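K.L.:
So the protein sequences, as listed, match chains S and U. Once you know that position 97 of the first sequence is 97 in the numbering used here, the rest is easy, because the numbers rise by one and skip nothing. Once you know that position 28 of the second sequence is 28 in the numbering used here, the rest is easy, because the numbers rise by one and skip nothing.
It is possible that some hints are incorrect.
Remember, identical chains collapse to one label, so a pair may be satisfied in a single copy or spanning two.
Restricting the straight-line Cα-Cα distance to at most 27 angstroms, the calculated cross-link-like pairs of lysine-lysine (DSSO-like) are [said to hold, decoys possible]:
(1) LYS153 <-> LYS56
(2) LYS236 <-> LYS39
(3) LYS225 <-> LYS56
(4) LYS69 <-> LYS252
(5) LYS252 <-> LYS56
(6) LYS56 <-> LYS69
(7) LYS157 <-> LYS174
(8) LYS69 <-> LYS13
(9) LYS157 <-> LYS13
(10) LYS27 <-> LYS252
(11) LYS157 <-> LYS33
(12) LYS153 <-> LYS33
(13) LYS157 <-> LYS236
(14) LYS69 <-> LYS157
(15) LYS157 <-> LYS252
(16) LYS13 <-> LYS236
(17) LYS174 <-> LYS252
(18) LYS33 <-> LYS277
(19) LYS153 <-> LYS27
(20) LYS174 <-> LYS39
Just so you know, these hints were derived from the structure itself, not from any lab. Predicted, not measured: the structure shown is a model, and the values here were computed from it.
Next come the chains, spelled out residue by residue.
2 protein chains.
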Amino acid sequence: MCAIGAAPNNLLKTQFPTTDPDETIGKIIDFFKSYPHLKQLAAIGIASFGPLDLDKRSPTYGYITTTPKNSWSNINIVQMIRSRLNVPVAIDTDVNGAALGEQVWGAARGLDTFIYLTAGTGIGGGGIVNGGLIHGLLHPEMGHICIPHDRQKDPYKGCCPYHGDCLEGLASGKAMELRWGQPPERLPFDHPAWELEADYLAMALSNFIYTTSPQRIIMGGGLMKNPGLMPAVRYKIVQYLNGYVRSAAITKDIDRYIVSPALGDLAGVVGALELAKRIGQET
Amino acid sequence: MCAIGAAPNNLLKTQFPTTDPDETIGKIIDFFKSYPHLKQLAAIGIASFGPLDLDKRSPTYGYITTTPKNSWSNINIVQMIRSRLNVPVAIDTDVNGAALGEQVWGAARGLDTFIYLTAGTGIGGGGIVNGGLIHGLLHPEMGHICIPHDRQKDPYKGCCPYHGDCLEGLASGKAMELRWGQPPERLPFDHPAWELEADYLAMALSNFIYTTSPQRIIMGGGLMKNPGLMPAVRYKIVQYLNGYVRSAAITKDIDRYIVSPALGDLAGVVGALELAKRIGQET
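Take the sequences, apply the hints, and build the full model.
P.N.:
And the structure:
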């Protein structure tokens, strides 16, 4: 998804599938170059799938690194775009981008510590702690935490090429499809798949709560379009925490604690806009 | 442990067991009141076991809340100390305190994002992200994350009164004692208890790495005094991450990535000193 603008209420947008790097980046460049006011383009922000090298001192800064999407590994996406558009380019993960979008214009306004999780084909998480995007050594890879896996209840072995039955390996859309033999959007709302899914997501959220103590958790991604999933996750998380975290936000107001992105599917591209704005102001 | 001073190299210290609140706080007050230069005491910092209410807008700010140590629940420790010493009092968790001590004077100097984990009778974690202590909604309770528990390999059901087989329920010193029938300090270094312990701790650390992307992890607490445990945790964590996190800090330099506290058992009290310094400067 590509967009041009200064705020989410007035964006010129386009959208096309991610294929191989040359074709995809070619289409990105074409979109921006066709903009009639190209000279007004001040900066580009990218919110990309990862893992990414975000260490500015690294020789591979701005690269997509160990992604399982093979033709995309070791692609210097920042340089490929900067060299052809000649503006400053900022990059972060898709989920950190979405978190930033939600903080500036969405469901996390006024918060300094929160998590953004997406559950779709894959699972990813990003967030803001003490007002800043989580970076540290690299960037979060919340989809790859390990969680309890009861093989009697769920014999599916998991599909993560790195970890087998990590969170993404058990609870991603891809795992659901492989476990049940059909894509999640075709599984009826009352299929037992969804209760298992809510279980895994609630375990993951309880771990994120115990680790970073977020003021809110935003859950986006294709799987969350099943209207029963969010309420089930909320119910189960209160069960898992079992009264240990004594905060009214959780014990009395869980519907406002675990929420959908206010920007919907635009959270990522709006976050990229904010990344662009910040690098434009720096330079 | 109580200390008076301005820096860790010159502290007047004392230590006594934590019994009930009245007796323990009585001894704390006696220690400070017996200081010959009491008038120079500018502020008190407390790094306490929790959970604590650290929300300054809350009516129970400064309280120990849902602790399983029964006589300590709903104790207003800040007020009990402030009212008798008449100086500003700051409070944070013992592990956030230890993290702060290590950042200012120890193994985390120069870092802005890291974790401090203690594995002793209980398990607790705190840390700093983007330069500030992790607070958000409350404070981290990293000992209570859920991790995989293979009941065939380890039939012990876990001892956490809230969660059964969470990290603390499976891997705390208390869990080791209940599982093996003797306290961990009496289990020989080659007892299988230690490999299981390294497994659980490495799973937990990999989750913390995927969630907050720390630049370093500091591991203190009584269990880490077994000299074989730290190397085993380092070895297993590299196995669990399985090449997914492509950082030389992990793949080539794990001995400097997972480390002991430079301040040893003083990390917490030195962090409390820093908390005191900061509140003294504020007021």
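K.L.:
The structure should be examined with respect to each hint, and the outcome stated for every one.
P.N.:
These are the hints, each one checked on the structure:
Proximity of LYS153 to LYS56 under the C-alpha cut-off of 27 angstroms is found in neither arrangement, the shortest distances being 45 angstroms within a copy and 44 angstroms between copies. When the C-alpha separation of LYS236 and LYS39 is checked against a cutoff of 27 angstroms, the pair qualifies neither within a copy, at 52 angstroms, nor between copies, at 53 angstroms. Proximity of LYS225 to LYS56 under the C-alpha cut-off of 27 angstroms is found in neither arrangement, the shortest distances being 37 angstroms within a copy and 38 angstroms between copies. For a Cα distance limit of 27 angstroms, the shortest separation of LYS69 from LYS252 across copies, 25 angstroms, qualifies, whereas the shortest one inside one copy, 42 angstroms, does not.
Taking the shortest alpha-carbon separations for LYS252 and LYS56, only the inter-copy value of 20 angstroms comes in at or below 27 angstroms, while the best intra-copy value is 43 angstroms. Taking the shortest Cα distances, LYS56 and LYS69 sit within 27 angstroms of each other inside one copy (24 angstroms), while across copies they are farther apart (47 angstroms). In this assembly of identical chains, the alpha carbons of LYS157 and LYS174 lie at most 27 angstroms apart only when taken from the same copy (13 angstroms versus 32 angstroms across copies). Taking CA atoms no more than 27 angstroms apart as the test, LYS69 paired with LYS13 passes inside one copy only; the shortest distance there is 25 angstroms, against 57 angstroms between copies.
Taking identical chains as interchangeable, the C-alpha atoms of LYS157 and LYS13 are never at most 27 angstroms apart, the minima being 40 angstroms within one chain and 54 angstroms between chains. Within a single copy, LYS27 and LYS252 get their C-alpha atoms no closer than 48 angstroms, and across copies no closer than 39 angstroms, so neither meets the 27 angstroms cut-off. In this assembly of identical chains, LYS157 and LYS33 lie within 27 angstroms of each other by CA distance neither inside one copy nor across copies; the values are 46 angstroms within and 62 angstroms between. Within a single copy, LYS153 and LYS33 get their C-alpha atoms no closer than 53 angstroms, and across copies no closer than 60 angstroms, so neither meets the 27 angstroms cut-off.
Both within a single protomer and between protomers do LYS157 and LYS236 lie at most 27 angstroms apart by alpha-carbon distance, with minima of 23 angstroms and 21 angstroms respectively. Only within a single protomer do LYS69 and LYS157 lie at most 27 angstroms apart by alpha-carbon distance; the minimum there is 21 angstroms, versus 40 angstroms between protomers. For the homomeric pair LYS157 and LYS252, neither the shortest alpha-carbon distance inside one copy (36 angstroms) nor that between copies (30 angstroms) is at most 27 angstroms. Within a single copy, LYS13 and LYS236 get their C-alpha atoms no closer than 38 angstroms, and across copies no closer than 46 angstroms, so neither meets the 27 angstroms cut-off.
Taking the shortest Cα distances, LYS174 and LYS252 never come within 27 angstroms of each other, neither inside one copy (34 angstroms) nor across copies (32 angstroms). In this assembly of identical chains, LYS33 and LYS277 lie within 27 angstroms of each other by CA distance solely inside one copy; the values are 19 angstroms within and 56 angstroms between copies. Within a single copy, LYS153 and LYS27 get their C-alpha atoms no closer than 45 angstroms, and across copies no closer than 53 angstroms, so neither meets the 27 angstroms cut-off. Proximity of LYS174 to LYS39 under the C-alpha cut-off of 27 angstroms is found in neither arrangement, the shortest distances being 42 angstroms within a copy and 66 angstroms between copies.
The structure shown violates the earlier hints numbered 1, 2, 3, 9, 10, 11, 12, 15, 16, 17, 19, 20.
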